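Engineer: So you can see what is in the structure, the chains are spelled out below.
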Amino acid sequence: MSAMESHAVPYVEAQQAHASELPAAGVAALDRSRLEALEILGERGLPSQHDEDWKYTSIKPITRSRFSPAVSGVDCSEHFIAASAIDNLDAWQLVFADGFHLPHRSKTDGLPEGVQVTGLAEALTQDPAPIVDRLGFAMGEMPHGFSAMNSAFVGDGALVEVDPGVQLDKPIELLFVSGCSGEGFLSLPRNLVILGDGSEASIIERHISFGAERSLSNSLTEIILGKSATLNYCCAQDQAERTFHVGGLFCRLAQSAKFKATTITMGRSWVRNDARINLDAEGAHANLDGAYLAFGRCHVDNHTHISHNAPECTSRECYKGVLGDRGHAVFHGRIVVQPHAQKTDSEQSNQNLLLSADAQIDTKPQLEIYADDVKCAHGATVGQLDEAALFYLVSRGVDRETARRMLTQAFAAEILETVTPSALQNYLASRVLSQLSPAVPPEAVA
Amino acid sequence: MNTAIKELGELVGREYKEGFVTDIEAETLPPGLDESVIRFLSGKKSEPDFVLQWRLEAFHRWQAMECPEWAHVHYDPIDFQAISYYSAPKRDEDRPRSLDEVDPKLLETYNKLGIPLEEQKALAGVAVDAVFDSVSVATTFKDKLAEVGVIFCPLSEAMVNHPELVQEYLGSVVPPSDNFYAALNSAVFTEGSFVYVPKGVRCPMELSTYFRINALNTGQFERTLIIADEGSYVSYLEGCTAPMRDENQLHAAVVELVAMKDAEIKYSTVQNWYPGDEEGRGGIYNFVTKRGACRGDNAKISWTQVETGSAITWKYPSVLLEGNHSTGEFYSVALTNNCQQADTGTKMVHIGEHTSSTIISKGISAGRGQNAYRGLVKVLKGAKEARNYSQCDSLLMGDRCGAHTFPYLEVKNPTATIEHEATTSKIGEDQMFYCRQRGLSEEDAVSMIVNGFCKEVFRELPMEFAVEAQKLLGISLEGAVG
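Listed in order, the protein sequences are those of chains H and Z.
Per the working numbering, the very first residue in the first sequence carries number 22; after that it's consecutive.
Per the working numbering, the very first residue in the second sequence carries number 36; after that it's consecutive.
Chain Z extracted, bound-state conformation (with noise of 0.2 Å):
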């Protein structure tokens, strides 16, 4: 076994398969972060006034703010006045229309991740916001959407065409004073999607959008915002790739959901950025705020992520259960190599009566890597009969590595049912031996275990994201066996 090793931990020196950098020319801020640039931000995109207004609020709070630094994660401090907050492809002012119209350069990006948007419309019928930065390029199946009535754009045009909702639902879920993250990105936010499904509709497509990370030392803030109003349903995917670069880059995302009565979101991530080399260097930051709020009776939320790049993965998307009778759920495969470090883990606070979560965490660490499932479950008083599980099991490869379990459960009502168990421990031995004497390789084997210890969570994913997670997950571990 132990040449297979060697063998394999020359495997796990693989090179960042996505690491390349588009060369765009971008229209760029000087680093920076004061009023003018939030101004300069605001102007740029044409923004109502109350938007404006409520970015400066964002940062006079932010300003007040400490950075948090209570996680289970070590990086050198941020200066974040040597960041720079705008960078746009250019010829911001005769955007594409169509595939067509796009820079053939970034689509070469894109057919170089293996996304092409062509194949994707083609294949799954996926409507892509495709963001490059800071901007959108493209948006496609606009018109089959508005058939139905949904609106899905970015949130700068929403802004625009559909004040109303934005001012209605913009902050209601994470507000500017949040978190020291959701305070710098409600100043400085600068893209991100809207996401609103009118009363009754099934959304007729899965609604996708992938984020990119480009030009060197601009962070990317983006901010999604997703109502699904009575009755409705939407499923909602976001994947994300980044090119190689030496700098820590830091990101910042904020994601607001909105669930009315009987309404339901799927949410689903699959995150695969830059990770740093073998010594952490270089690789995204991936400090991220995600909520949404079952605001109705019967409403549901759903998160499902699979987390396997970024140096450090700091997010913890959560539910607020408000309505009677509805549902939060959290599936979680978070697998850190090399020198990556995640934080991650869900909130499930109940509010209404009768209300259910169920959070599923799957952490696997290997390298050096630091796993920490971090959870909230809160059930407040006027919540009866709340119900909870939760699962969270560790996978360890090698003697470097870490995993963490710091679940916190606060209840306050007699008649709820909290149960939480956690497992941590490393690939038998026994499993192994079994998997090579039936003839499979040691690093299918370990692919097949690993992918077996997660399967609760794959099926979760819609399937185009289910194969590519499997896939990523392989790759990430290739010879990560101790």
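One chain only, chain H, in its complex shape (with noise of 0.2 Å):
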């Protein structure tokens, strides 16, 4: 047995130790692809740099203590939530205790008819059928033992769905703790987002840690865009030094539906997000931004995946990076046009700003055309504050370090100042400067 085989036993034995008292449990056709999952999870075993997609991305944080799977019942202080609350954000809210679903803390008053947001094994209790076909769908194939872990594990997490026509005035927010259960646990939460033709909405995925216990949330969303449907998608990852995040986040779209999706990486984790969206049909576009900062001894692996499955599709993919102090960063970035995907227009771009000599940027944007009516570009750069810039700004009479905090910021700025409504924006650019601040020391560059 290869040690990423041996990676993936403890996980396999929990799942069939526990498999019974899974939600909707008994279920055939979510039985069964539970059982596939785990399958897949025990032959492919966890991932190795061995592995092209985990190249720069090593597991061993991981690997090097395992992790008990968290067990429903837990809860999170009513004073722990609102002091993580984001000022002024006027939202529906669904919490979740390490993957559970906290109906008690939730707030979901007020939704308009046509739309359900709730549970997922709630929803799997009442009513698995509907829900238990769509599962995967987004998906498709799983990337890494990572998902089938998650979808061998599948229960709760968040189900929001939307019915056509049907458009929202208010964000929905998703806000994950992990860390409740205590030391060494593992969260496995999945997200179902569906909405139907001509509708919109706006979700806020929100990731945070209860305290400094050591844990591992293994998150995964599947969103289903209609016709003409519209969703503005925002991913806020704020976790602290001893969590470790594998996120996933897939998408598909059909025609004219439009999908915006913006993850910030902030904190001190290990995380290792994987995005992947497929334009199903005619005249869908995406739009996938992303911002990260990786200081301390954080490392942020994004690893993006767009595919244009047909014609006349757009899409704009723009990540941003921060790196100081020993902070390694990883963008990987791939677009993917099908034959016949003809008059696609797609964009990529990386970039990155390294601030201290330890840190560590590896990065690999790449295009893959299989159709010659195509308009695609990419690019990515690796550098330095702009010391013009700066002489700049000191020659007015601002010191060096608030200048240098200044360009920093306005550097990610270009992806936070996207991001609506403008009360998450502005708690996404007080959570970035905080954590600048102390980070960009006056000399790093010289």
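Be aware that a few hints might be false.
[Claimed, not checked] Calculated lysine-lysine pairs in the BS3-like style (CA-CA distance at most 27 Å, straight line):
1. Z:K419 <-> H:K76
2. H:K76 <-> Z:K416
3. Z:K296 <-> Z:K179
4. H:K396 <-> Z:K416
Derived by calculation from the structure, the hints in this document are not laboratory data.
In this text, all values refer to a predicted model and were calculated from it rather than measured experimentally.
Make one complex out of these two single chains by using the hints.
Structural biologist: The structure is reproduced here in structure tokens:
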């Protein structure tokens, strides 16, 4: 047995031990899909650096000790949730403790008709068939062992379903708190978002840590957008140093659907994100942006994959990173234009700011194009703060440290400024600023 | 425009112009590879013992290696035991000393290719070390080079006459264990060129060599070693054509360049090997390891390549920027038509301080061709103020071809400035309309636009090559307009 396979064994065994206690266990189709995922997990194991998609990311920090799957019943204090709230944000909210929905902490009053915002486990227990059918649809082939692990344990998480034509005027916030169960727990939330034809919604997925407990959060979000549906989606990852986060974001777009996703990674944790967007029908548009900060000994890996499967789709992708201390960031962006996806218009860019001698960036922007009538471009840069801009600010009486911070902030602002609503944007900007402040020492670059 | 496309479509179906086989009796080893083959090869060339030991070590390492499969190309597995590892034109003992003594049939071959040695000698003042299969048949301008101390000879000759240089530099840039094909080459290489330019010498002429693959089923395993000592300059030209064949032929060459302090090496390639027929049958597999090392401060290595041939091209001319202020350049035009596949690019490894590198890659895909750029820019921790600029543009013609870009940027020093950009597009209808409206034929318009697309690379080629390259590109693309 290879190391990769052996790393998966404790999780395979844990699933086998608890399979009968998972939500809606006994529903044949669900049991079957859990078992299939378990087989994939057993066969493929957890990824290693021999795997091209994991070349720059070692999962050793995770495999060093094992994590036990968290069990439902744990709570998160009202005080903690209130303290972590986003100021002035008017939103419906679902709260999850280690991946389990806490109905008593959630706020879903006044949801319009035709909108379902609830815990996945609850929905599965009530009426599993329509959900089981759609689980795994947006993801398609599982990219790696972690997504297989999530699928083998699939149970709780968020279910957001918006009927055709319904437009939500307030965002829905999904707040995930990890580490509530204590030291060494694993949370496996699975979120399913379905927008009917012509509907509109805005969703915020936020991951935070309860304390300094060592925990692993393996979260997977699947999004299915109907014809002309519009989703504004923001994922904010702001976890503590000993939290490990593996995030999956999978989206399928029908004709003329619009998807805007922004992933902001802050905090001090070890993060790996996989995003996979499928533009399945004509006229679909995806906007996939991200900003990441990698300070301390933090590791942030963003893998994105946009597949143009139909003609006349457009996509825009921009990821920006600020790296300091011993931070290590990885970006792998892949854009595939399938044969017949003519008139594709796609742009991708990745920009990185290196602020310290020990920071490291590995970036791989990739284009794979099998159609000819396309317009595709990608770019990647690695650099430092512009000396001329610094000089300008200093000559105007701004001290060097402030000048550096201003320029760094401005660098990240390009992404943050596209985030809506403004309450969320302000919150993210202040979080980013607070993390930059101590991390941009006066002569970091010189 | 549709009728024009049809007419042009017929033009694409042209046959490979350089497809013919010269009927010369060749002394060929039976297919297969084991230690005895290596001993035979080494004995044949009366090589010093250290070379034999080096070959054997490489062979043992190769046996433990697995054939790499990561490239974006598809082909049937190669049976390395089905290949013959040696083929030499007969009458090995009395090799011709001058052109007059060269087998007229050989000369005829070159004449058919339009590159008669005499003409080249007269026209361009180029010294030609022509390799016909595995043995050098003529080396010209040797005396002129010897005057300034430049050594330009077959590698096998250098092993006998200059063993100290060969021993010091052979494998110092591409070690035998580097990769699967480099290990294979190290074990069985049979020919290739050796160039040594002494301190402070500016090589008085462009050095040139033509490789051909001739006898059926013999892979060619050249090994080229070029050393530019302190403050010297050399420009080396390599061009290839091959006769039409039904079976795939393997070509696994190794090229090593060493540039010492203040030295500059310019290496240009025009590659036009048989690409296979329209269905992709036959054609050369070109799996090459090319690497240069800038050993001293201010050294410069520049790779320029025009790749229009081969069924599969798999090569990454690289530069190790060891010296401070050293420079690496890579200019490439890669064209894939019909069923050709290319996975090519470069590696720039920044090790010294203030090193800079430039990558300009132009990929053109037509028919069912698959063209991939794969490049690595690596900045090590000590490489202060490293600078890289990469530009990879792809041009697509036809809806069944593909263009792919796989750049890897690994940066461990915060003072590095790295820029990569890539675009993919087809020839614009507005561009075509403009040219047509000015009275240009569709074909001329495409040729003009494509040549403009590649201009940045052609500009880097020596004049003689630039002309040939433009001609090649025009021929290879005839009618491939979408």
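Engineer: It remains to establish, for every hint, whether it holds in the given structure.
Structural biologist: Outcome of the hint check:
Taking the CA atoms of K419 (chain Z) and K76 (chain H), the gap is near 25 Å; set against the 27 Å cutoff, the hint holds. Taking the CA atoms of K76 (chain H) and K416 (chain Z), the gap is near 19 Å; set against the 27 Å cutoff, the hint holds. For the suggested pair K296 (chain Z) and K179 (chain Z), the alpha carbons sit about 25 Å apart, so the restraint of at most 27 Å is met. A C-alpha spacing of about 36 Å is found between K396 (chain H) and K416 (chain Z), which places the hinted pair above 27 Å, so the restraint is violated.
Checked against the numbered hints given earlier, this structure breaks only hint 4.
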